[in-house]
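The opening position of the sequence shown corresponds to residue 1 in my numbering, with each subsequent residue numbered one higher.
Source of the hints: derived by calculation from the structure; they are not laboratory data.
Computed from a predicted model, the values in this text were never measured in an experiment.
One or more of the hints may lead you astray.
[What the hints assert, rightly or not] Each pair of labels, with its calculated beta carbon distance range:
#1 Tyr203 <-> Lys323: 54 to 60 Å
#2 Glu206 <-> Thr272: 29 to 35 Å
#3 Thr326 <-> Leu14: 43 to 49 Å
#4 Met338 <-> Lys135: 29 to 35 Å
#5 Pro314 <-> Ser79: 53 to 59 Å
#6 Thr272 <-> Val142: 40 to 46 Å
#7 Phe207 <-> Thr75: 32 to 38 Å
#8 Glu28 <-> Glu6: 51 to 57 Å
#9 Glu160 <-> Glu99: 17 to 23 Å
#10 Glu206 <-> Glu160: 47 to 53 Å
#11 Pro43 <-> Lys135: 25 to 31 Å
#12 Asp63 <-> Leu9: 19 to 25 Å
By construction, the Cβ of each residue, glycine as well, lies at the ideal position given by its N, Cα and C atoms.
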Amino acid sequence: MLTLNEKVLNLIFLESEKGKKDELGYFEIEGMRITYYSSEQYPGWMVCSILSADEDIDLIRSDLAGSGRLILALTTEDSKAFSLEEILQSGSVLKDLTEEQQLAEIFLTPSSALLLERMQTEGVEKAAKLSLWLKGQIQDEVDLREAMTPLMQSGVVMVELLGKTSEMVFLIKDVMGYREPPVDAIINAKEKSPEFAKRYMGYVEEFFSPPPPRKGYNPTLLVDDPNSPIMDDREKISKILAEKLQYRILASLRDMPLSISDISHKTALPQTVVAKVLRTLETEKVAIHFEEDDLWALLTNPRIQSFMPEYILPVINKKLLSKEITPEAARRHLELLMNAWGEVK
Numbered sequence: 001m002l003t004l005n006e007k008v009l010n011l012i013f014l015e016s017e018k019g020k021k022d023e024l025g026y027f028e029i030e031g032m033r034i035t036y037y038s039s040e041q042y043p044g045w046m047v048c049s050i051l052s053a054d055e056d057i058d059l060i061r062s063d064l065a066g067s068g069r070l071i072l073a074l075t076t077e078d079s080k081a082f083s084l085e086e087i088l089q090s091g092s093v094l095k096d097l098t099e100e101q102q103l104a105e106i107f108l109t110p111s112s113a114l115l116l117e118r119m120q121t122e123g124v125e126k127a128a129k130l131s132l133w134l135k136g137q138i139q140d141e142v143d144l145r146e147a148m149t150p151l152m153q154s155g156v157v158m159v160e161l162l163g164k165t166s167e168m169v170f171l172i173k174d175v176m177g178y179r180e181p182p183v184d185a186i187i188n189a190k191e192k193s194p195e196f197a198k199r200y201m202g203y204v205e206e207f208f209s210p211p212p213p214r215k216g217y218n219p220t221l222l223v224d225d226p227n228s229p230i231m232d233d234r235e236k237i238s239k240i241l242a243e244k245l246q247y248r249i250l251a252s253l254r255d256m257p258l259s260i261s262d263i264s265h266k267t268a269l270p271q272t273v274v275a276k277v278l279r280t281l282e283t284e285k286v287a288i289h290f291e292e293d294d295l296w297a298l299l300t301n302p303r304i305q306s307f308m309p310e311y312i313l314p315v316i317n318k319k320l321l322s323k324e325i326t327p328e329a330a331r332r333h334l335e336l337l338m339n340a341w342g343e344v345k
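Please work from the sequences and hints to get the whole structure.
What follows is the structure, given as structure tokens:
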């Protein structure tokens with residue numbers, strides 16, 4: 001049996017403290033090649049692997065990070081519900097965040113959500129001015145780059161240096177979070193069992209279009225009030241989509257209602273973990289359980305999507321005419337929008 005002494009464990013810990021957030025680290029010590037994965041989302045936990053002499057770290061880096069991500073998620077969800085040996089033998093991993101999950105993370109960081117609201121109004125802004133504005137809003141020192149990270153990683157904003165000193169922030173995408181009816185799941189369920197699909201559709205209609213005087217959930221209504229239920233729901237949606245195990249199970253139900261064993265097979269997650277997560281999704285009005293059919297289905301389908309912010313075109317023009325921005329900044333903003341949403345003619 002291979003064991004690590006206290007000296008090696010301490011060195012692994014020190015190395016992990018030097019590393020970047022949510023990144024696989026690697027170093028060699030006492031003839032061993034060691035990788036480690038840690039995440040701010042799971043403080044105090046770390047997953048280490050010792051590589052054999054013939055393993056190429058560059059070829060398996062993604063799988064090692066995905067394995068570490070999965071083990072940490074399962075450990076913090078229910079440490080007794082899975083077999084580490086089975087996870088390693090199956091090669092099951094949790095991939096890095098999807099675009100949808102990256103967009104969700106914007107609304108989980110208060111400063112990032114504030115920056116998005118500001119950029120929706122300004123369209124383009126000097127980084128220095130934006131930093132002062134954010135400091136005034138939060139009434140504390142804040143690292144603009146750190147607050148901007150979720151927006152940059154998801155491609156919502158671009159930060160570029162124009163000239164020698166003018167660092168500009170450009171809004172390239174806007175974001176909308178909402179729940180939609182699980183249309184695909186209902187259609188596919190209808191092909192398999194029309195009777196079940198009819199009962200299923202009844203529950204979905206009850207949520208989105210209940211009989212008067214009750215009001216359903218209508219994400220198409222324009223909402224300006226930040227305290228409105230739909231705006232409040234956006235944060236709930238973001239938490240669900242950003243949580244890795246919940247997202248994996250939610251995504252498995254987008255096409256078809258499934259049993260716990262089917263979801264477990266599809267996601268490569270233990271059935272006990274699947275059942276626990278489904279109960280959480282049921283509480284959040286995302287999943288629904290049909291006991292008589294031994295099936296789980298989506299009651300609502302949380303989505304966060306980006307769209308082209310056409311409304312900022314007049315803002316760019318107004319800022320250019322008032323000389324708030326230079327012709328170079330206006331031109332570059334239009335180029336970035338065209339690169340993101342179409343072809344430059």
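Now the hints, each set against the structure:
1. Tyr203 <-> Lys323: 54 to 60 Å: holds (57 Å)
2. Glu206 <-> Thr272: 29 to 35 Å: Holds: the Cβ-Cβ distance is about 30 Å, inside 29 to 35 Å.
3. Thr326 <-> Leu14: 43 to 49 Å: holds (47 Å)
4. Met338 <-> Lys135: 29 to 35 Å: holds (33 Å)
5. Pro314 <-> Ser79: 53 to 59 Å: The hinted range 53 to 59 Å holds for Pro314 and Ser79, with Cβ atoms some 55 Å apart.
6. Thr272 <-> Val142: 40 to 46 Å: At roughly 41 Å between Cβ atoms, Val142 and Thr272 fall inside 40 to 46 Å, so the hint holds.
7. Phe207 <-> Thr75: 32 to 38 Å: Holds: the Cβ-Cβ distance is about 34 Å, inside 32 to 38 Å.
8. Glu28 <-> Glu6: 51 to 57 Å: Violated - the Cβ-Cβ distance for Glu28 and Glu6, about 18 Å, lies outside 51 to 57 Å.
9. Glu160 <-> Glu99: 17 to 23 Å: holds (21 Å)
10. Glu206 <-> Glu160: 47 to 53 Å: Given about 49 Å between the Cβ atoms, the range holds.
11. Pro43 <-> Lys135: 25 to 31 Å: Since the Cβ atoms of Pro43 and Lys135 sit about 27 Å apart, the hinted range of 25 to 31 Å holds.
12. Asp63 <-> Leu9: 19 to 25 Å: holds (24 Å)
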